[in-house]
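**Q** Please take these sequences and the hints and turn them into a complete structure.
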Amino acid sequence: MNILQTLLILAAAFLAVFGEAAFPLLHHWLGAQVDLLPVLMVYAALNTDIVTVSSLAVLGGLWFDALSANPLGISILPLCAIGFVIYLQRELILRELPFAQFVLGAMASAVAPAMVVLLLLTGGQEPLLGWGSIWQWLVMTAGGAVATPVVFEFFNRCQQALGYQPRTEISFRPDREIRRGRKQHHADF
Amino acid sequence: MLKKKHYLALGTVALVALLIFSLPQRTTSRLKLAAGSVFLPLFGLLNTAQQLPGNAADAVMPHRALLKEIGDLRNENQQLHFQMMQAATTASENDRLRALLGWQRQAPWQLKLANVILRDPANWWRTLQIDLGSRDGVRENLPVLTPDGLVGRISAVGLTRSQVVLLGDPNCRVSALVANPAHDIGIISAGGPLDYTLVELTYLSGNAEVKPGEDVLTSGQGGIFPQGIPIGQIVDSRTVEFGLYTEARVKLSADLGALEQVWVILNPPSNP
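Chains H and E, in that order, are what the protein sequence lines are. One gets this note's numbering by counting positions in the first sequence from 1 and adding 2 to each. One gets this note's numbering by counting positions in the second sequence from 1 and adding 59 to each.
Keep in mind that the hints were calculated from the coordinates and are not lab data. Treat the hints with caution; some may be incorrect.
Stated by the list, open to error - To spell it out: a stretch of chain E is covered by chain H in this simulated footprint if at least three of its residues, at any positions, have a beta carbon under 8 angstroms from a beta carbon of chain H; those stretches are: (1) 68-77; (2) 181-192; (3) 197-207; (4) 224-232; (5) 252-261; (6) 268-279.
Claimed, not checked - Some chain E residues near chain H, calculated using beta-carbon distances under 8 angstroms: (7) His65; (8) Pro83; (9) Leu105; (10) Val299; (11) Gly316; (12) Trp322.
All residues carry an ideal CB built from backbone N, CA and C; glycine is no exception.
**A** Here it is, written out as structure tokens:
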């Protein structure tokens with residue numbers, strides 16, 4: 003684990019939040035914007051330490067709420083809950099399998115907006131809800147599911163490119179080399 | 060199993076969240092603007108990136124097309140001059156009559172053009188951000204519109220950008236008047252989460268006779284929006300609460316899904 007990976011994840015969260023607000027193409031086409039923060043949280047919870055998970059929850063939630071009409075800080079708790087649950091169970095999860103990543107991404111992307119809406123309603127807010135919200139929820143879930151293996155692949159490649167590579171062991175050992183032929187001595191001339 | 064480090068991290072995050080929730084509204088708004096200001100460098104980059112295709116198109120536009128466009132604009136300008144002369148006569152007559160009746164004189168709108176820079180990333184709000192802030196004279200609750208019709212109102216103001224809550228958001232309610240002989244008055248309230256073009260006109264009286272195609276304008280009541288700004292047209296209507304009220308669907312005049320530039324009225328006139 004290194005600081006570079008943490009910074010990379012936080013930078014990705016920063017850009018993801020900005021991209022969701024600045025490029026609403028998916029919203030125009032499908033009627034809903036896909037949120038990448040739960041996806042990043044899945045990756046962080048499976049591959050990094052608890053500090054990165056907490057940082058992503060706090061900073062990602064704050065950035066998202068800053069560009070949204072959400073009350074500030076309301077996205078922190080759902081992200082934190084998702085991150086901690088996955089983090090505590092990560093030894094039991096086959097994190098290398100794309101199918102497992104897909105399912106986790108779907109679950110995280112489904113739970114996060116539902117929890118935020120629940121918190122909003124609990125706090126007396128009046129979000130824009132209706133039958134169309136079910137479609138939006140499905141789009142967010144499916145979008146998050148598809149994006150998760152892509153995000154894993156992206157970070158794995160970044161890790162390969164920027165991180166230290168494990169030293170590869172080869173079967174050849176110079177100390178066990180069998181030297182054939184006569185030994186040459188300096189006296190042989 | 061939870062270790063001490065996990066408890067510490069979980070506690071810290073929960074503490075931060077609770078601390079933010081418990082702050083006063085004013086402090087939270089400032090904190091929100093501060094948190095949003097970290098995106099300022101990206102706003103600049105985005106603006107430059109958006110201008111690039113336009114600049115490239117300008118560079119390759121033929122001279123003949125430019126001359127034609129200039130000619131068309133001159134013609135349009137002259138027509139607008141004539142309309143303005145006519146409007147000035149009407150306005151002076153209006154002022155005279157208002158003075159005779161002892162009504163307050165209407166000042167012309169002071170408008171400022173703003174670019175739409177961001178949309179709400181959350182699917183359950185209908186807001187956007189514009190590149191005008193308090194340093195441009197923008198303040199909360201100023202009306203925002205396009206030449207087609209009303210868009211919404213300013214809901215939060217930073218130094219260089221502001222948040223606009225759009226029509227159809229639950230936090231943007233507008234007193235509206237149907238342009239029919241009875242001048243029925245209702246409240247524009249939230250639409251569906253998917254359709255940006257339709258909103259609900261609620262609390263019309265039970266015997267209101269609104270017909271499809273009738274224009275809906277701001278009534279001027281409520282103290283935020285000036286009177287007479289087009290909102291949209293009636294699509295259909297139905298009675299609710301056992302005939303106590305009538306509700307109607309209104310198709311908005313302004314295309315809220317494709318907004319790139321909007322106008323802010325800096326001096327919304329008070330209505331008599």
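**Q** If a hint holds in the structure, say so; if it does not, say that too.
**A** For each hint, the structure was consulted:
no.: 1; hint: 68-77; result: holds (count 7)
no.: 2; hint: 181-192; result: holds (count 7)
no.: 3; hint: 197-207; result: violated (count 0)
no.: 4; hint: 224-232; result: holds (count 5)
no.: 5; hint: 252-261; result: holds (count 3)
no.: 6; hint: 268-279; result: violated (count 0)
no.: 7; hint: His65; result: holds, 6 angstroms
no.: 8; hint: Pro83; result: violated, 12 angstroms
no.: 9; hint: Leu105; result: holds, 5 angstroms
no.: 10; hint: Val299; result: violated, 16 angstroms
no.: 11; hint: Gly316; result: holds, 6 angstroms
no.: 12; hint: Trp322; result: violated, 21 angstroms
Comparing the model with each earlier hint shows violations of hints 3, 6, 8, 10, 12; every other hint is respected.
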